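Just so you know, the sequences run in chain order A and B. Each step along the first sequence adds one to the number in the numbering used here, with nothing skipped, and position 209 is 210. Each step along the second sequence adds one to the number in the numbering used here, with nothing skipped, and position 47 is 48.
Just so you know, the hints here were simulated from the structure itself, not pulled from any lab data. Note that this is a predicted model, so its numbers are computed, not measured. It is possible that some hints are incorrect.
One copy or two, it doesn't matter: identical chains are merged, so the pair holds either way.
[What the hints assert, rightly or not] Pairs of lysine to aspartate or glutamate, EDC-like flavour, derived with a Cα cap of 20 angstroms:
| id | residue 1 | residue 2 |
| --- | --- | --- |
| 1 | 350 | 82 |
| 2 | 52 | 198 |
| 3 | 3 | 349 |
| 4 | 125 | 5 |
| 5 | 334 | 313 |
| 6 | 130 | 158 |
| 7 | 350 | 124 |
| 8 | 212 | 21 |
| 9 | 193 | 223 |
Protein chains: 2
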Amino acid sequence: MKLEEVINRIQPLDQTAMQEARARQDTLTKPQGSLGRLEELSIQLAGIMGKPIPAIKDKVIITMAGDHGVVAEGVSAYPQEVTPEMVLNFLAGGAAINVLARHVNARVVVVDMGVASDIPANEKLIVKKVAYGTANMAKGPAMTREQATESILSGVEIVETEIARGLDIVGTGDMGIGNTTPSAAIACALMKQPPKEIAGRGTGVDDEGLKRKIGVIQRALDINQPNPNDGLDVLAKVGGFEIGGLAGVMLGAAAHRKPVMVDGFISTAAAMIAVSIAPQCRDYLISAHRSKEHGHGLMLDWLNLNPLFDLDLRLGEGTGAALGISLAEAACKILAEMATFGEAGVSEK
Amino acid sequence: MKLEEVINRIQPLDQTAMQEARARQDTLTKPQGSLGRLEELSIQLAGIMGKPIPAIKDKVIITMAGDHGVVAEGVSAYPQEVTPEMVLNFLAGGAAINVLARHVNARVVVVDMGVASDIPANEKLIVKKVAYGTANMAKGPAMTREQATESILSGVEIVETEIARGLDIVGTGDMGIGNTTPSAAIACALMKQPPKEIAGRGTGVDDEGLKRKIGVIQRALDINQPNPNDGLDVLAKVGGFEIGGLAGVMLGAAAHRKPVMVDGFISTAAAMIAVSIAPQCRDYLISAHRSKEHGHGLMLDWLNLNPLFDLDLRLGEGTGAALGISLAEAACKILAEMATFGEAGVSEK
């Protein structure tokens, strides 16, 4: 599989399906437009799936883990061993994403994209380890261009496998100690913004930690000079394996006309890489929520995405995406299950 | 049952349960506070139910219908017969609230609080008709003080019946052509604001209709002079039967330590009546969403409630409350089901 083939397969939304969905919304027993964002969402989903009455049954959250060499610079409040420990927590079903995925009846797919240690073999864990963590981007490129491509193509492959198993919507999730640092660096590179406009406290660094993090991002940008017109270059220079993997999930989903519920800060950085590589994939993305992480709102503006929730979440894992998936399912049910004015014998205006 | 007894029964939240819930949140495998509003919500629910690990299983939406004499002034885009027609739609399961309640696995309880016509007998319909619609508040009081009390006590009785059947959370919903007009009038009376600051387009009146509506509300306030220090007087002078009923649901739920998910504009007006009558009931209320209806944000500020969603909804029926109930359930599951750092063997900061 070549990345170019995936990109070329991504088609515009189905305008006819969208018009039919809009027309049906306007016949349902409610004032026109009174379900606001739910109506808009149902129409986008119609366009994505190419069906005037789209349905969401099989829901999948793909949570990708990776480590980051840049943690050597002291950018995170937690030690690096938390990455594999949390992967084990995902596999055991005890993490927030497990709880919320069960709540919305989604399955969680856990992927090792590049954790710095070996995780004991587990039939539920997909291993696509590109390397044992990225290199320290404050001293040189995080990965090679070949590794960047490999991470994206692994994401495409994983989502294609899940589509074959049954997938009507996919949510993105991440785990990786230190990964708000490369995510912020990606945003800075693509948006040409200084790190202080984007970087936040991640899992909870203090004022001094935040200052150090901003300095580290600036050094990574200065040393690597990522090319803002080349998403693959940005991913290679200042990205991460799980971020590349998630960009691949988005591109692969879009290529197969499947909607993507984008989680928070890290997933949005992945979305920026995906959209840089294939701008037409943007219409397949739905932003679940505005993270509490500084700069996330600007990144969503750059993508022209309007988040569904604003619940001060800053956990990642796909937690916001799980909640968003439930809203997308509700939006489809409104379109499919509500009575029309005619059917219900309700008078119109 | 006397209203005073209900009011006296409403106790402060259980601070011990809230402290225990907060302490448990801080041991779960996530950075402290990283689930934002979901964590806050779980703690409020602990305080409401008086349990350190609250659980939500039985979910109920109470949707109350009533008609309004003020529609004679041409304040709505829809004819009055839509109220009973939509009640039949609720009973048949074809309305938006039915779809969303099914989505979140809640049962819908439909109540005729004062529809202007007789609705054919239906075992699923609870009839608590105070009268065949309110009087035209632009010409005098919408109802007597006795009718206002009756509407509230009916709401208390209905929620108590549902609690006996099994109820862990109740969502409020409304149906009543013209009811954004009394709701706005209630807010104006209690907040001492002019109608133009509060009134909106309801189901969709045009500019001229909105101007007329604002004038009608001003006339109702001028003629009736509702006393802002007496919630029952405000309800009687410029309220509605379904609004009084919903205020009663809130008071009754609070008296039994049950959380209330408050829907949009009309439910928020009912919440203002409930809080005017018994200020301590406020802590039992959760605002589901900020409605697109003008003035709703100001009403929520007055109540000191912070809505969970902002999805441009303006339908009522309890649609926003249904979505909010799902979030409340998720918040409880996070607290109950997530592993602690110790249980999962995950390293701390």
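Verification of the supplied hints:
1. 350 - 82: between (62 angstroms within a copy, 11 angstroms between copies)
2. 52 - 198: neither (40 angstroms within a copy, 42 angstroms between copies)
3. 3 - 349: neither (54 angstroms within a copy, 41 angstroms between copies)
4. 125 - 5: neither (30 angstroms within a copy, 58 angstroms between copies)
5. 334 - 313: between (27 angstroms within a copy, 18 angstroms between copies)
6. 130 - 158: Within one copy, since 13 angstroms is at most 20 angstroms while 61 angstroms is not.
7. 350 - 124: neither (58 angstroms within a copy, 30 angstroms between copies)
8. 212 - 21: neither (52 angstroms within a copy, 35 angstroms between copies)
9. 193 - 223: within (12 angstroms within a copy, 58 angstroms between copies)
The structure is inconsistent with the numbered hints 2, 3, 4, 7 and 8, although it conforms to all the rest.
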